[in-house]
Amino acid sequence: MSQHVFLSHRDSQRLFDALDRAGYQAQAPQPKDGALVFSPIRQASDLPWGQHDTQRPGHYRLSQDDSPRAFAWANGPQALKPQLFAPSEPLWQVARDADGKLRFQACAPKPQKRALIGVRPCDLAALAIHDAHFLGGERDGHYAARREGLLLVAVNCSHPAQTCFCVSTGDGPAAKEDSGYDLLLDELDDGFVIRAGSGAGEQLLAGLALEAATPGQLASAKGQQHQATQGQLRHLPDNMASALPNQMTHPQWDKVAERCLACGNCTAVCPTCFCHSEREQPALDGASSEHLREWDSCFSSGHSYLHGHLVRESGAQRYRQWLMHKLAWWPEQFGRIGCVGCGRCISWCPVGIDISAEAHLLCQGGEA
Amino acid sequence: MSDLRQPHEAEIIERVQETPNIYTLRLRFTDPAVHQAYRFAPGQFNMLYLYGVGEVPISIVSDPEDEHIVDHTIRAVGRVTDAMARLQVGERLGVRGPYGRGWPVEQASGRDVVIVTGGLGCAPVVSVIHYVLKRREQFGKLTIMQGVKHADDLIWREQYEAWSQLPNTQVLIAADEGGTMWPWHVGHVPALFDKAGLDKANSTVMMCGPEGMMIAAGKTLLEQGMPAEDIYLSMERNMQCGAGKCGHCQMGGQFVCKDGPVFSWPEIVARLGVKGV
Ligand SMILES: Cc1cc2nc3c(=O)[nH]c(=O)nc-3n(C[C@H](O)[C@H](O)[C@H](O)COP(=O)(O)OP(=O)(O)OC[C@H]3O[C@@H](n4cnc5c(N)ncnc54)[C@H](O)[C@@H]3O)c2cc1C
Ligand code: SF4
Ligand code: SF4
Ligand code: FES
Chain S
23 MSQHVFLSHR DSQRLFDALD RAGYQAQAPQ PKDGALVFSP IRQASDLPWG
73 QHDTQRPGHY RLSQDDSPRA FAWANGPQAL KPQLFAPSEP LWQVARDADG
123 KLRFQACAPK PQKRALIGVR PCDLAALAIH DAHFLGGERD GHYAARREGL
173 LLVAVNCSHP AQTCFCVSTG DGPAAKEDSG YDLLLDELDD GFVIRAGSGA
223 GEQLLAGLAL EAATPGQLAS AKGQQHQATQ GQLRHLPDNM ASALPNQMTH
273 PQWDKVAERC LACGNCTAVC PTCFCHSERE QPALDGASSE HLREWDSCFS
323 SGHSYLHGHL VRESGAQRYR QWLMHKLAWW PEQFGRIGCV GCGRCISWCP
373 VGIDISAEAH LLCQGGEA
Chain Y
74 MSDLRQPHEA EIIERVQETP NIYTLRLRFT DPAVHQAYRF APGQFNMLYL
124 YGVGEVPISI VSDPEDEHIV DHTIRAVGRV TDAMARLQVG ERLGVRGPYG
174 RGWPVEQASG RDVVIVTGGL GCAPVVSVIH YVLKRREQFG KLTIMQGVKH
224 ADDLIWREQY EAWSQLPNTQ VLIAADEGGT MWPWHVGHVP ALFDKAGLDK
274 ANSTVMMCGP EGMMIAAGKT LLEQGMPAED IYLSMERNMQ CGAGKCGHCQ
324 MGGQFVCKDG PVFSWPEIVA RLGVKGV
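Chain order of the listed sequences is S and Y.
So the number in the numbering used here is just where the residue sits in the first sequence, counting from 1, plus 22.
So the number in the numbering used here is just where the residue sits in the second sequence, counting from 1, plus 73.
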């Protein structure tokens, strides 16, 4: 097991310098349009020091105080999804010559060394799910290229939001040993307890030549993990695996559909949703065309379009597709549920629909 | 083919107008190495790409051992298939595939084969009919049952009549509404089973068509004692990628593009006919 070392807040620039020397472009969550989003960063001073988020159904607010911490918040609207699975990108392009001959060309992105700082344990869990989807079976070259060269600096969650339920999905608030991070941080009031989870992480730490963390620091980190676990208000029903698959005709689907706007915000912020559609973008001169893929959502009408009809006409059918895919059908496909308990779909739903509350109503059998 | 998501160029070698809105394109990959390496099974499909317009999933109807050509029979119904209908011999399109799990031709070997289709006729079963006819000695009796709304809807009428003349081959057709000179049954497909005299212990059923028709036919067969695991159906859902990535073709936990499109009855029955799945 890797050793725990300590990096004081005062010295935190050293981590950025080490990443820079190793050739990584660093990104970390920073406030932008009222939310924390991954953006390029070079200076430790640009970390979101003193930022807090307040989340509840249909609500997300950032605020700042003089807290000495950089990670005293739960999460922003993005996980790692847009970093690897672009919201819109060309899959390939094709040129047509005067004789009508077609030349297809790949346009996969080039692998780049990127370090993402401030990755949450639930984000790591969602990343593992996307790895299984995009790299398993037929390998997705675009995802694979972006995944390569990614260095993950994860931070255990000390300030879960009111919307979080990662304890109940088993994905947080502390990252598991084998969850794929390169470095894992626990933030204390005066600095970070750090350990490596990969060869690349070990190397970076060796270059920093830090002191071992003290038993007191380790105990504080543990205590804070325990508190974050205790503090979560939401959870999924215990009987979900057995009860939910049988609720296809439950009256709650129609009830929730009365509130649902079918806007697709939940699928956009959800770190595990992978649906996309493909679209053609011909050049104006007619000599070439780009074949794009773009995020899509099972709430859109085109998602289930078959010539002449829609498989899922109603809002109730679409909400059911979303919830059942996440919580009942995903295990068939990937051996676990498609929810990591990040709570994003709850906070970013304009009308505050809560997937965990809906799951409880559905699993209570006939009554709703 | 290494990157299955990027099409390969193919040339139209021959074009057949089957009916006013159904056409067959016979294709050859322009890169001989790609053509050489291309293998498929009956019931699998390709994604056909029309330059500047888009892609559609289309079944392969030629014989897997025909090394010269890949055939697609296409009904012009919309944006891509209408525009594709205007392509002529010598013109190019993009092809990627093959995708999906096809018909259980190995499992059916040595047994009777029962084909059930509905609607306006169904390309995926044409591949397996050809497959059986070409390897006649490997299979028992071939029964082809087709249901159509109106007698006039039956395309390839001559084809059906020709098939019905072949030894050990039975063709049964039902139209909800007959017409003058309609030699076949008037009524629904399930009613044909009584006429067919199926050897239920020794038959493999392959169905393709509207979901409602397949459900009705499947239930009747089960009532008559056909084992569920000998009934297969080809499903249809919106497909963007064909490769298990885009999520559009999901039916519950199944991806129709890669887990299907052909499913056995027990694999798919829980989701059959459930509205919105
Ligand atoms: C596995 C499979 C095999 C098929 N084999 C054949 C075949 O051999 N011959 C044939 O004529 N048709 C076949 N189809 C149906 C064919 O794919 C659709 O008719 C075609 O996609 C319609 O496209 P369009 O742009 O002309 O129509 P539009 O109605 O304009 O459709 C727009 C888009 O929606 C999607 N779409 C619409 N209908 C379907 C559909 N039924 N299935 C999947 N995606 C759809 C496509 O992306 C299409 O480009 C098959 C479908 C599937 C799923
Ligand atoms: S379903 Fe909601 S809580 Fe679960 S992972 Fe997706 S966004 Fe997060
Ligand atoms: S079907 Fe809906 S819930 Fe499932 S991955 Fe696609 S968008 Fe997300
Ligand atoms: S067609 Fe894209 S996942 Fe099946």
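Among the clues, some could well be false.
[As the list claims (entries may be wrong)] Each computed EDC-like pair below joins lysine to aspartate or glutamate, with the alpha-carbon atoms no more than 16 Å apart:
1) Y:Lys348 to Y:Glu284
2) Y:Lys348 to S:Glu335
3) S:Lys135 to S:Asp276
4) Y:Lys331 to S:Glu111
5) Y:Lys292 to Y:Asp267
6) Y:Lys207 to Y:Glu140
7) S:Lys123 to Y:Glu82
8) S:Lys123 to Y:Glu84
9) S:Lys123 to Y:Asp104
10) Y:Lys348 to S:Asp39
11) S:Lys132 to S:Glu170
12) Y:Lys331 to S:Glu354
13) Y:Lys292 to Y:Glu234
Rather than coming from a laboratory, the hints here were simulated on the basis of the structure.
As the structure is a prediction and not an experimental result, all values here were calculated from the model.
Comparing the hints with the structure gives:
no.	hint	verdict
1	Y:Lys348 to Y:Glu284	11 Å, holds
2	Y:Lys348 to S:Glu335	9 Å, holds
3	S:Lys135 to S:Asp276	47 Å, violated
4	Y:Lys331 to S:Glu111	23 Å, violated
5	Y:Lys292 to Y:Asp267	14 Å, holds
6	Y:Lys207 to Y:Glu140	15 Å, holds
7	S:Lys123 to Y:Glu82	8 Å, holds
8	S:Lys123 to Y:Glu84	9 Å, holds
9	S:Lys123 to Y:Asp104	12 Å, holds
10	Y:Lys348 to S:Asp39	57 Å, violated
11	S:Lys132 to S:Glu170	9 Å, holds
12	Y:Lys331 to S:Glu354	14 Å, holds
13	Y:Lys292 to Y:Glu234	28 Å, violated
Violated hints, listed in ascending order, are 3, 4, 10 and 13; each of the other numbered hints is respected by the structure.
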